[in-house]
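S.K.: Construct the complete structure from the given sequences, taking the supplied hints into account.
So the sequence lines, in the order shown, correspond to chains C and S.
Counting with our numbering, you get residues 16 to 523 for the letters of the first sequence.
Counting with our numbering, you get residues 51 to 527 for the letters of the second sequence.
There may be inaccurate statements among the hints.
Rough simulated footprint, nothing fancy, chain S against chain C, three-plus residues with beta-carbon under 8 Å [to be verified]: (1) 74 to 87; (2) 159 to 165; (3) 185 to 194; (4) 475 to 486.
Keep in mind the hints are simulated off the structure, nothing from the lab.
Ideal placement from N, C-alpha and C gives every residue a C-beta, glycine not left out.
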Amino acid sequence: MEQNLLLTYLLLTPIIGSLLVLFFRQEQIKLVRWFALFVSLIAFVISLIIYFGYDRTNPQFQFVHNVLWIESLNISYNVGIDGISLLLVLLTTFLTPLTFLSTWKAIEKNVKMFTFSMLFLEAGMLGVFITLDIFLFYIFWEAMLIPMYFIIGIWGGERRIYASIKFFIYTMVGSLLMLVAIIWLAVYASDITGKFTTNLLELYKVGPTIPHQIQGWMFGAFFLSFAIKVPLFPLHTWLPDAHVEAPTAGSVILAGVLLKMGTYGILRFCLPLFPQSSVEFAPVISVLAIIGIIYGALVSMVQTDMKKLVAYSSVSHLGFVVLGTFAMTVESVQGAVIQMVNHGLSTGALFLLVGIIYERTHRRDIAYYGGIAKLVPLYSVALMIASLSSVGLPGLNGFIGEFLILLGSFKSIVLNSWWFTAFAASGVIFAAVYLLWMYQRVVFGEVKNQELASHLTDMNVREFIVLIPIFVFVVWIGIYPNTFLKLTEVSTQTILQQVSSYTINLLK
Amino acid sequence: MPLSNFEYYQLMPFIIIGLGIILSIIIEITVKKSEGILAWGSILLFFATALYSITNIYEQGILFGGMIEVGGKPAIFNFIFNIGAMLVVMSSIGYLKKYGTLYGEYYILIQSSVLGMMIMAGSKDILMVFLGLELMSICFYVLAGINRKKLSANEASMKYFLLGAFATGFVVYGIALIYGVTATTSITNIVENFSVYSSNIIFITGSLLLLIGFSFKIAAVPFHMWVPDVYQGSATTVTGLMSTTGKTAAFSVLIILLTAIFANNAPNIFKPYFSAIAVLSMLLGSIIALSQNNLKRMLAYSSITHAGYMAIGLAASNSYSISGIIFYLAAYTFMNIGAFSIISIIEGENDSRVDIDSYAGLNSKSPVLSAFMSLFMFALAGIPPMAGFFGKYYVFVGAIDSNLTWLAIIGVISSMISVYFYLRVVVYIYFKEATEDFKIELTPYSLSSVIISGALVLLFGIFPDLLLKLITSVVTL
Numbered sequence: 016m017e018q019n020l021l022l023t024y025l026l027l028t029p030i031i032g033s034l035l036v037l038f039f040r041q042e043q044i045k046l047v048r049w050f051a052l053f054v055s056l057i058a059f060v061i062s063l064i065i066y067f068g069y070d071r072t073n074p075q076f077q078f079v080h081n082v083l084w085i086e087s088l089n090i091s092y093n094v095g096i097d098g099i100s101l102l103l104v105l106l107t108t109f110l111t112p113l114t115f116l117s118t119w120k121a122i123e124k125n126v127k128m129f130t131f132s133m134l135f136l137e138a139g140m141l142g143v144f145i146t147l148d149i150f151l152f153y154i155f156w157e158a159m160l161i162p163m164y165f166i167i168g169i170w171g172g173e174r175r176i177y178a179s180i181k182f183f184i185y186t187m188v189g190s191l192l193m194l195v196a197i198i199w200l201a202v203y204a205s206d207i208t209g210k211f212t213t214n215l216l217e218l219y220k221v222g223p224t225i226p227h228q229i230q231g232w233m234f235g236a237f238f239l240s241f242a243i244k245v246p247l248f249p250l251h252t253w254l255p256d257a258h259v260e261a262p263t264a265g266s267v268i269l270a271g272v273l274l275k276m277g278t279y280g281i282l283r284f285c286l287p288l289f290p291q292s293s294v295e296f297a298p299v300i301s302v303l304a305i306i307g308i309i310y311g312a313l314v315s316m317v318q319t320d321m322k323k324l325v326a327y328s329s330v331s332h333l334g335f336v337v338l339g340t341f342a343m344t345v346e347s348v349q350g351a352v353i354q355m356v357n358h359g360l361s362t363g364a365l366f367l368l369v370g371i372i373y374e375r376t377h378r379r380d381i382a383y384y385g386g387i388a389k390l391v392p393l394y395s396v397a398l399m400i401a402s403l404s405s406v407g408l409p410g411l412n413g414f415i416g417e418f419l420i421l422l423g424s425f426k427s428i429v430l431n432s433w434w435f436t437a438f439a440a441s442g443v444i445f446a447a448v449y450l451l452w453m454y455q456r457v458v459f460g461e462v463k464n465q466e467l468a469s470h471l472t473d474m475n476v477r478e479f480i481v482l483i484p485i486f487v488f489v490v491w492i493g494i495y496p497n498t499f500l501k502l503t504e505v506s507t508q509t510i511l512q513q514v515s516s517y518t519i520n521l522l523k
Numbered sequence: 051m052p053l054s055n056f057e058y059y060q061l062m063p064f065i066i067i068g069l070g071i072i073l074s075i076i077i078e079i080t081v082k083k084s085e086g087i088l089a090w091g092s093i094l095l096f097f098a099t100a101l102y103s104i105t106n107i108y109e110q111g112i113l114f115g116g117m118i119e120v121g122g123k124p125a126i127f128n129f130i131f132n133i134g135a136m137l138v139v140m141s142s143i144g145y146l147k148k149y150g151t152l153y154g155e156y157y158i159l160i161q162s163s164v165l166g167m168m169i170m171a172g173s174k175d176i177l178m179v180f181l182g183l184e185l186m187s188i189c190f191y192v193l194a195g196i197n198r199k200k201l202s203a204n205e206a207s208m209k210y211f212l213l214g215a216f217a218t219g220f221v222v223y224g225i226a227l228i229y230g231v232t233a234t235t236s237i238t239n240i241v242e243n244f245s246v247y248s249s250n251i252i253f254i255t256g257s258l259l260l261l262i263g264f265s266f267k268i269a270a271v272p273f274h275m276w277v278p279d280v281y282q283g284s285a286t287t288v289t290g291l292m293s294t295t296g297k298t299a300a301f302s303v304l305i306i307l308l309t310a311i312f313a314n315n316a317p318n319i320f321k322p323y324f325s326a327i328a329v330l331s332m333l334l335g336s337i338i339a340l341s342q343n344n345l346k347r348m349l350a351y352s353s354i355t356h357a358g359y360m361a362i363g364l365a366a367s368n369s370y371s372i373s374g375i376i377f378y379l380a381a382y383t384f385m386n387i388g389a390f391s392i393i394s395i396i397e398g399e400n401d402s403r404v405d406i407d408s409y410a411g412l413n414s415k416s417p418v419l420s421a422f423m424s425l426f427m428f429a430l431a432g433i434p435p436m437a438g439f440f441g442k443y444y445v446f447v448g449a450i451d452s453n454l455t456w457l458a459i460i461g462v463i464s465s466m467i468s469v470y471f472y473l474r475v476v477v478y479i480y481f482k483e484a485t486e487d488f489k490i491e492l493t494p495y496s497l498s499s500v501i502i503s504g505a506l507v508l509l510f511g512i513f514p515d516l517l518l519k520l521i522t523s524v525v526t527l
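M.R.: Printed below as a string of structure tokens:
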């Protein structure tokens with residue numbers, strides 16, 4: 016097969032960049048910052064080149080680069096993308112430079128190491144989205160923990176040590192069981208095909224033939240790992256801690272990209288590898304997703320800390336993604352994919368905005384603010400756009416995702432009940448309640464604290480440059496989602512065909 | 051029967067080390083201030099032997115009438131022993147100065163112990179196993195107490211000697227019983243009729259005694275009692291040597307015995323035994339390590355846990371798991387010696403600064419050491435892409451291939467537990483503020499030991515095939 020090196024270049028860019036950062040001197044803060052921005056923009060440009068070269072009618076994986084890596088165990092360095100991974104790769108490379116730009120004031124301590132960690136993290140995330148070898152996937156999945164652990168632990172808030180360890184151990188617990196399942200799958204494949212393999216495309220053929228009961232366990236091991244990452248109720252407790260304690264840049268990447276790795280994993284591994292079990296467990300998981308939607312929203316409502324509110328809203332929003340995935344209709348899965356991107360954009364923007372105001376006042380409690388519309392009008396507008404996008408106002412991006420998911424789950428054969436949709440829809444209403452209420456308390460009314468008036472300044476040019484690209488996409492997806500939906504349509508159908516071809520008997 | 055020229059070449063690793071020991075003794079007697087020469091001499095000696103062994107891996111043969119095997123698996127073990135010993139010697143130079151125990155015989159003892167390990171790894175006869183074991187162990191007993199003015203070192207040495215002698219007693223008794231049944235000490239002859247003997251209760255008792263003796267040496271639960279005290283009390287560099295190459299040597303014997311048995315398609319009657327010690331070692335080691343504040347003691351319990359992971363491979367005993375153990379041993383040797391080198395650098399006089407509190411804020415004192423310490427901790431925790439992960443991975447592949455998935459699951463549970471105490475070190479280094487003020491005396495030797503270990507851990511992590519291809523080509527089951 017012809018090799019395409021573009022994805023490898025994309026992966027190598029942040030890795031080489033992160034290694035080069037080590038050669039800068041500790042004092043050259045400015046240079047390091049510009050360099051990081053430059054490297055992450057190169058990665059973005061490469062991903063754009065990939066985007067324009069991508070053939071959206073081709074259901075196969077594209078830009079494949081496959082080299083044998085560990086001969087003794089038949090493991091290869093095998094990367095390639097379909098529409099779904101392309102969209103998430105774009106999201107990653109798009110958010111990373113913006114995140115770098117957003118930290119120019121917030122991160123003063125040890126900038127060199129921060130940049131190193133962030134670039135390393137970007138490489139890990141890209142690796143997770145593009146790999147076609149399940150072993151390689153595991154390596155990226157784990158390796159990416161280390162930089163995130165440092166980002167929370169070194170540059171985080173007061174309880175950063177607790178949060179970073181909790182984050183690390185939670186994720187480890189899930190992924191180690193997945194490791195056993197991965198090995199079991201590879202050994203099983205060697206019994207069936209006579210070859211020990213971790214190649215995803217070959218495992219797609221082997222996975223559905225696993226005996227029913229064992230497949231349930233395998234599905235469980237994979238799903239647990241992904242569910243922790245998503246995070247699905249009741250495995251979400253690491254998320255608020257990690258989000259609240261992480262620095263703004265960490266929160267943006269965490270919400271924007273890291274959580275998507277869980278939902279991406281479900282879509283790429285759980286569904287096609289274990290279709291029978293996926294269908295079987297779909298109703299139970301959907302119930303958990305809906306509990307997550309409602310629970311996340313209710314908890315958000317009572318938060319007094321802005322960052323925590325946004326963090327819990329993630330639990331709610333990602334519940335939609337999981338519901339959409341397990342409804343297993345083309346609409347709902349496409350909605351889930353677009354909702355992953357939406358959540359990355361709107362929650363990312365919300366975290367950035369909370370970060371912006373926190374940099375100025377070092378306070379995040381809602382009660383402290385009030386009436387800031389008069390002091391910082393531009394900021395208030397930006398917060399309005401981000402909140403509305405998160406709420407799902409028609410015309411902005413959030414609406415498209417949620418609408419498609421609700422539509423798809425309504426007519427889903429797998430779920431086969433309109434109750435799911437009915438309960439999930441209530442989450443949309445709750446979202447409006449907690450976000451708009453927060454907005455009202457922070458922005459409108461009289462200026463509560465006079466000290467705010469003295470040192471609260473409006474957004475500067477750099478902060479605008481960070482937010483405007485996000486808002487462009489917020490509106491773009493809201494008005495013309497076809498640009499993105501067309502990208503994922505064929506890939507979504509491929510995955511669903513794989514599922515339905517093995518579960519046709521189960522669904523009758 | 052005189053040896054041919056070719057056989058002399060094959061014996062070269064033994065000849066190099068043997069001549070090296072004699073030469074070192076002469077230098078030690080005749081030259082004043084010989085420590086510098088001996089240190090450099092040992093580094094060169096070990097490096098030459100390691101290089102010779104690994105490049106002549108395919109020159110396989112059995113010498114001295116079926117006593118010693120050269121090339122193949124023993125060559126890989128020789129590589130691990132010698133590189134490990136080289137790294138330990140490098141980190142010893144500064145450490146011994148700090149303690150004022152810069153004696154020339156330290157290096158000679160290390161050389162002799164390595165010769166012992168090489169004999170163990172190459173033996174084709176149970177008596178040779180015993181010979182190598184004793185040569186290695188006696189050197190270790192002395193080395194453990196090298197800080198002879200320290201009470202804790204004396205205690206460690208004594209404890210090690212008494213319990214070690216006890217374990218050796220098991221081995222000898224086992225050998226005697228086996229000889230009593232089979233009337234031979236040749237491993238090849240014994241395994242040929244293994245299925246006949248395996249119903250003989252005396253033979254089984256003998257084999258079990260032999261296994262128990264070696265379970266002591268690999269530091270597996272329930273024969274681990276000596277480990278924490280000895281590791282904590284001995285000189286730090288010596289602990290580095292004992293915990294890695296010493297363990298590798300003991301495993302090499304177990305691997306030789308088991309592969310010989312299974313090459314004859316005999317049933318794996320030791321599976322329950324190894325499964326049991328694997329489970330006990332993994333869980334007990336990792337749980338007790340959670341509460342340790344002394345880093346040397348913490349690594350002692352971690353060493354028990356790692357012995358447990360490797361014992362999974364012995365229980366599975368297929369070509370995956372045996373190659374896995376050998377790779378794991380190499381990875382473990384490099385990452386553990388790296389960690390102990392750093393501890394020996396940080397350590398102050400009189401056993402001070404070995405507690406985790408001394409590592410608080412280390413990043414502000416020495417970013418390089420901090421980075422490497424974290425690297426070793428992540429590697430020990432088994433996080434990819436460090437070499438430690440691949441060792442575990444191959445062992446688990448072997449276990450699942452032998453339908454021992456439950457052992458692999460207990461293995462990952464123990465990994466989850468152990469993540470906590472490895473991470474704790476990283477937390478102290480990076481996330482906490484320094485509480486003690488001290489100056490780190492970094493010698494170029496010890497630093498290069500750390501850097502080489504770190505480089506090997508990363509190299510074999512990212513390109514495991516470099517080593518793994520060699521291993522799988524010589525492991526035949």
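S.K.: Evaluate each hint against the coordinates.
M.R.: Results for each hint:
no. : hint       : verdict
1   : 74 to 87   : holds (count 4)
2   : 159 to 165 : holds (count 4)
3   : 185 to 194 : holds (count 5)
4   : 475 to 486 : violated (count 0)
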